[in-house]
Amino acid sequence: MECKWYQIMAASVHNLTPKMVRLKAEEFQGSVADSKFVDQECLKHLRVTNPCDDKDRIESDKGGLLKNSYRWILDHVDFKRWQNDPESRLLWVKGDPGKGKTMLLCGIINELSALTSGSTTTISFFFCQAAEPRINNATAVLRGLLYLILDRQPALIPHIQREYDKAGKQLFEGVNARNWTNIEESLDTVNQKVRLCLELNENSISEAVTIYIHHKVQILAKLKKFDEELLETVRCHLLTNALGTFLWVALVCEELKKGKARNTPKLLNAFPAGLDPLYERMMEHIQDAEDAEDAELRKRILAVVAIVYRPITLEELPGLVEIPDHVSKTDQHLADLIADCGSFLSLRGRTVSPVHQSATDFLLKDASNERFSVFPQGVKAKHQEIFLRSLQAIFKTLRRDIYNIKHPGFPIERVRERNPDPLAIARYSCVYWVDHLKDCDSNPNTDQSLQEGGAVDNFLRQKYLHWIEALSLLRSLSEGIAAIVKLDSLLQVKIGIPQALLERVNDASRFIRYHRMATESSPLQVYSSSLIFSPTQSITKICYQKERPGWLVNESVVEDDWSSCLQTLEGHSDSVNSIAWSPDRSRLASASGDHTVRIWDPVTNQCTLILAINSPKGVQFDKVDLNYLHTDIGTFNLENVVPMKTSFDRSAPLPRQTGYGLSDDRIWVTYKGENFLWLPSEYRTVVCSSSTIPSTIPSNMAISCSSGRVLIFNFSKETLS
Numbered sequence: 001m002e003c004k005w006y007q008i009m010a011a012s013v014h015n016l017t018p019k020m021v022r023l024k025a026e027e028f029q030g031s032v033a034d035s036k037f038v039d040q041e042c043l044k045h046l047r048v049t050n051p052c053d054d055k056d057r058i059e060s061d062k063g064g065l066l067k068n069s070y071r072w073i074l075d076h077v078d079f080k081r082w083q084n085d086p087e088s089r090l091l092w093v094k095g096d097p098g099k100g101k102t103m104l105l106c107g108i109i110n111e112l113s114a115l116t117s118g119s120t121t122t123i124s125f126f127f128c129q130a131a132e133p134r135i136n137n138a139t140a141v142l143r144g145l146l147y148l149i150l151d152r153q154p155a156l157i158p159h160i161q162r163e164y165d166k167a168g169k170q171l172f173e174g175v176n177a178r179n180w181t182n183i184e185e186s187l188d189t190v191n192q193k194v195r196l197c198l199e200l201n202e203n204s205i206s207e208a209v210t211i212y213i214h215h216k217v218q219i220l221a222k223l224k225k226f227d228e229e230l231l232e233t234v235r236c237h238l239l240t241n242a243l244g245t246f247l248w249v250a251l252v253c254e255e256l257k258k259g260k261a262r263n264t265p266k267l268l269n270a271f272p273a274g275l276d277p278l279y280e281r282m283m284e285h286i287q288d289a290e291d292a293e294d295a296e297l298r299k300r301i302l303a304v305v306a307i308v309y310r311p312i313t314l315e316e317l318p319g320l321v322e323i324p325d326h327v328s329k330t331d332q333h334l335a336d337l338i339a340d341c342g343s344f345l346s347l348r349g350r351t352v353s354p355v356h357q358s359a360t361d362f363l364l365k366d367a368s369n370e371r372f373s374v375f376p377q378g379v380k381a382k383h384q385e386i387f388l389r390s391l392q393a394i395f396k397t398l399r400r401d402i403y404n405i406k407h408p409g410f411p412i413e414r415v416r417e418r419n420p421d422p423l424a425i426a427r428y429s430c431v432y433w434v435d436h437l438k439d440c441d442s443n444p445n446t447d448q449s450l451q452e453g454g455a456v457d458n459f460l461r462q463k464y465l466h467w468i469e470a471l472s473l474l475r476s477l478s479e480g481i482a483a484i485v486k487l488d489s490l491l492q493v494k495i496g497i498p499q500a501l502l503e504r505v506n507d508a509s510r511f512i513r514y515h516r517m518a519t520e521s522s523p524l525q526v527y528s529s530s531l532i533f534s535p536t537q538s539i540t541k542i543c544y545q546k547e548r549p550g551w552l553v554n555e556s557v558v559e560d561d562w563s564s565c566l567q568t569l570e571g572h573s574d575s576v577n578s579i580a581w582s583p584d585r586s587r588l589a590s591a592s593g594d595h596t597v598r599i600w601d602p603v604t605n606q607c608t609l610i611l612a613i614n615s616p617k618g619v620q621f622d623k624v625d626l627n628y629l630h631t632d633i634g635t636f637n638l639e640n641v642v643p644m645k646t647s648f649d650r651s652a653p654l655p656r657q658t659g660y661g662l663s664d665d666r667i668w669v670t671y672k673g674e675n676f677l678w679l680p681s682e683y684r685t686v687v688c689s690s691s692t693i694p695s696t697i698p699s700n701m702a703i704s705c706s707s708g709r710v711l712i713f714n715f716s717k718e719t720l721s
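The sequence shown lines up with residues 1 to 721 when you count with full-length UniProt numbering.
Quick caveat, the hints were computed from the structure, so don't treat them as lab data.
From the three backbone atoms N, C-alpha and C, an ideal C-beta is built for every residue, glycine too.
Everything hinted at is true.
Have a look at the derived ranges for each label pair, beta carbon to beta carbon:
1) Thr330 x Lys396: 10 to 20 angstroms
2) Asp165 x Arg134: 19 to 29 angstroms
3) Leu243 x Gln40: 46 to 56 angstroms
4) Gln40 x Ile412: 19 to 29 angstroms
5) Pro265 x Asp53: 34 to 44 angstroms
6) Gln462 x Glu639: 40 to 50 angstroms
7) Val77 x Thr120: 28 to 38 angstroms
8) Asp584 x Glu41: 31 to 41 angstroms
Capping the alpha-carbon separation at 35 angstroms, the derived lysine-lysine pairs in DSBU-like fashion look like this:
9) Lys329 x Lys365
10) Lys55 x Lys260
11) Lys224 x Lys299
12) Lys299 x Lys365
13) Lys257 x Lys224
14) Lys169 x Lys438
With the hints as extra help, turn the sequences into a complete structure.
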């Protein structure tokens, strides 16, 4: 599947990166020639994908890159103007689906790379994919472009290494202020732009498609052992009906490859010209299958793949699609099912996705077509089905300590994915079930799910802690927090939701947000720190008392109810001098004596941006343009600021204890030097004093807190293994 913005990112980098690389690489040439000066961990954490691998995959998926099918653009007047005119900074390639934009840009990248071979100029590029969250956002684009530059020009790594040494991998995370709509609007207003529209170059595209047809027919003839007459019949049909569309040719050749050679003339006549008529013909083929049950199963698969929020895996497919019990769910049988879905879907490795964005558009556009629609009850009804099946997958799959970690303080950095992975079938469901609930219609089935004793209520009563643990293991806790906040907001405006469920969801929202730092750091803290430090009247805490750690005999005093403080934003290492909300309440800015201004996402608690400002005194968002932040040293456009992250300073280390004690950073209660209980910020000590050292009674421990509290823990004699 293509993202409509990939051409912007890939085609514009030629004029953006070479000059920067040329200037800086020469400055550092030879200064870090020895690899010992290059920290490979920095590149490892910067890497979200290898754009070169993505390019190779794209070319392979599309049958290889034909040089003669893209060379026409190299002599095009607009391309030459962009390439040679320093005032033409942006090349914007536009065209209808299937016109060859992707492969055209692959060819441009190859030609530019050849031109700069042996010089200090580096060509950097990135391909986005709309349905893949990992590579469909501005942060991923920036990281991908930087990765390719630094990988090819390691002399530039010191520019980033200094900040990476302070912040680690967080330097490259959490900056998503931009979105694709903003990018399109911004690029659309650029004056130094060359717009190259493929529809206005019909003759060149037609010649390129002709070359492509000759190539594909030769491959097909060799594979199916066509004689000269049949080869010419196929070639003439493709030339007559392609209408300048590479994708149409590729899809027809793929269908011909599946059939028998003797049936080729008959098959050819079944393929009409144009993408939409071709898609309709493929749907007819699925609908008219001899096995009606098999046809319905294929349509259910198509419907799910068309509306999920990211490509799904073979493991996730049975959790989202209703597959009859008698149908085998082995990898091979599932792969065969995907292959039977016409040419709508592709299977790359273990990931299922639409073959092209135009295929998804067709399936959604024809939702009202009674004969061919894969959504007989409508798209919203399919969202409801996925929502309910997602909760079923969560109930069947999740359990306490699903990765058998055992130790409550085991850090997430040391957790490795299991093989086989017990979470595999529910990975998608864990992250996106609320999104599907949000996008489905209100009907009796949905309404029943939102009553006491319904699916959502049972989830919160029985699987909520297991779900938080799973989100931590999946490195998706931020998405989980956003989901619960979304659920809370959704139910608040629905009519007929029981008050008890509203209160339970609200408490669940407070619970996951308040304990985010603990559970994100160590997944099993959801059963210890989260339950211990929640208020005594917390609905979630009361519901999960049986999950409470057995090693704590008498927990210290906590509040009865959640305080008016929704959450604690941690990161500054000095006092906060000023805070400001954006007018739409989507961001919070804080200025601190640690010489930084931080921008926060108040929903997920994430710090999304750090500005290095010496002793900032005040901050304020602009009331007209929300991207502008006013400070006492000037105004910053947050969309154009290059982000940086720095870890907060640590206090002096505490003495090492042999029994119960505190970690050096005062964040954990330890036993024999191992972390096992996360302390929320208001329960931590600031200075080392006698009250922070374990008492003389081996099972007791007292901690004086910065909030004025004194915590007294009484642990059982049972030791942690």
